[in-house]
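Peer 1: Please dock the two separately framed chains into a single complex, following the hints provided.
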Amino acid sequence: QKEVEQDPGPLSVPEGAIVSLNCTYSNSAFQYFMWYRQYSRKGPELLMYTYSSGNKEDGRFTAQVDKSSKYISLFIRDSQPSDSATYLCASSPGGSARQLTFGSGTQLTVLP
Amino acid sequence: ETGVTQTPRHLVMGMTNKKSLKCEQHLGHNAMYWYKQSAKKPLELMFVYNFKEQTENNSVPSRFSPECPNSSHLFLHLHTLQPEDSALYLCASSQYTGELFFGEGSRLTVL
Chain A
415 QKEVEQDPGP LSVPEGAIVS LNCTYSNSAF QYFMWYRQYS RKGPELLMYT YSSGNKEDGR
475 FTAQVDKSSK YISLFIRDSQ PSDSATYLCA SSPGGSARQL TFGSGTQLTV LP
Chain B
39 ETGVTQTPRH LVMGMTNKKS LKCEQHLGHN AMYWYKQSAK KPLELMFVYN FKEQTENNSV
99 PSRFSPECPN SSHLFLHLHT LQPEDSALYL CASSQYTGEL FFGEGSRLTV L
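Going down the list, the protein sequences come from chains A and B.
If you're matching positions, the first sequence starts at 415 in my numbering and goes up one per residue.
If you're matching positions, the second sequence starts at 39 in my numbering and goes up one per residue.
Isolated chain B (complex conformation) (with noise of 0.2 Å):
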């Protein structure tokens, strides 16, 4: 495996499930990220973190919950999700001052 991975690609959820999804990086980053990007609007920084300490969270709500149990796995935790939270979730790493990779993404859909 190289770069970024995200697994589930496709997500389909009712509001009260509860799933992850999980990313992991191969490129030896110390900066972990996720993204929210939904149509025509623009990409959405929701938490990031840097040697598996998270340093920013934008405001997200609770029912999203971040996991990093080393630089190389991120998780994202989701439960009593709305229709609203459905878009493409995407995983990327860094170097904390460096260009962003990202995963192909989990296409996540709220029922």
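Bound conformation, chain A alone (with noise of 0.2 Å):
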């Protein structure tokens, strides 16, 4: 089993959607959560950062993390085409950047 599942996509949604992006994970070690966008032919960029569970907000962002049911969402409100990337979550059991365990990314196409 994978440390980080998510799933792969991919996924295609008109403009102005609301984006749901989940991962789940099976080490209950992991307190750090962070979702990275990476768009085509770049290399990922942090884009949510949380700590334990609970919710964080960032513009059109939410990034969500239950540790009862070990699951981790990003929710993108009025969703733009400039949004279209791959989307990677990754966790951690420390702040350690070497420790980030990351899942395999979904591709999301957003349509205008």
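Since the hints were derived computationally from the structure, they do not count as laboratory data.
Treat each hint with caution, since some may be false.
27 Å max Cα-Cα, derived DSS-like pairs, lysine-lysine [to be verified]: (1) B:Lys56 - B:Lys90; (2) B:Lys74 - A:Lys484; (3) B:Lys56 - B:Lys74; (4) A:Lys416 - B:Lys79.
Peer 2: In structure tokens, the structure reads:
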């Protein structure tokens, strides 16, 4: 079993839709949860960062962690074509970057 | 130059060739990383350097040889690779406990 499971998609939605991207994880020690966005032919960039359970909102993006079910979600409101990218979830037990375990990424296309 | 830069962006090599990937970070970070990204697979951490000392080698085959001459530069020397080594190789840097900053990657094709 992979430590972080992510549906690879691809996922296509119309512009303005609410997008829900999800991951599950198996390691109960994970405390830090991140979402990276990777545009085509670019490296990943950090989008959202949360610690432990709860919600975090940043503009149109909301990251949600439910540690009881080991479920990580990223919601995108009013999706835009510029949101088209691959989204990677990642988790770690501590704050060290070298401990990060990544999901395989979900490819999202927002159609104009 | 800003951020993390990687060269070359694309590389095609035969199984008997020797080539090197280069990474340079302009962020003043003390840790640098090599990751392998294959289609539909999670990012695989290959090597970690902290203050130019290797602190992690995740059972990477010896045909991949990293070199970190200083905290700003990282190389990945490649020799006698296999076709399954074809992938996107990403360099990243961070403060040791901080956010990862990635380069744009070097797309490697092994024939």
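Peer 1: Could you run down the list of hints and mark each one as holding or not?
Peer 2: Hint-by-hint comparison with the structure:
1. B:Lys56 - B:Lys90: holds, 23 Å
2. B:Lys74 - A:Lys484: holds, 26 Å
3. B:Lys56 - B:Lys74: holds, 18 Å
4. A:Lys416 - B:Lys79: holds, 10 Å
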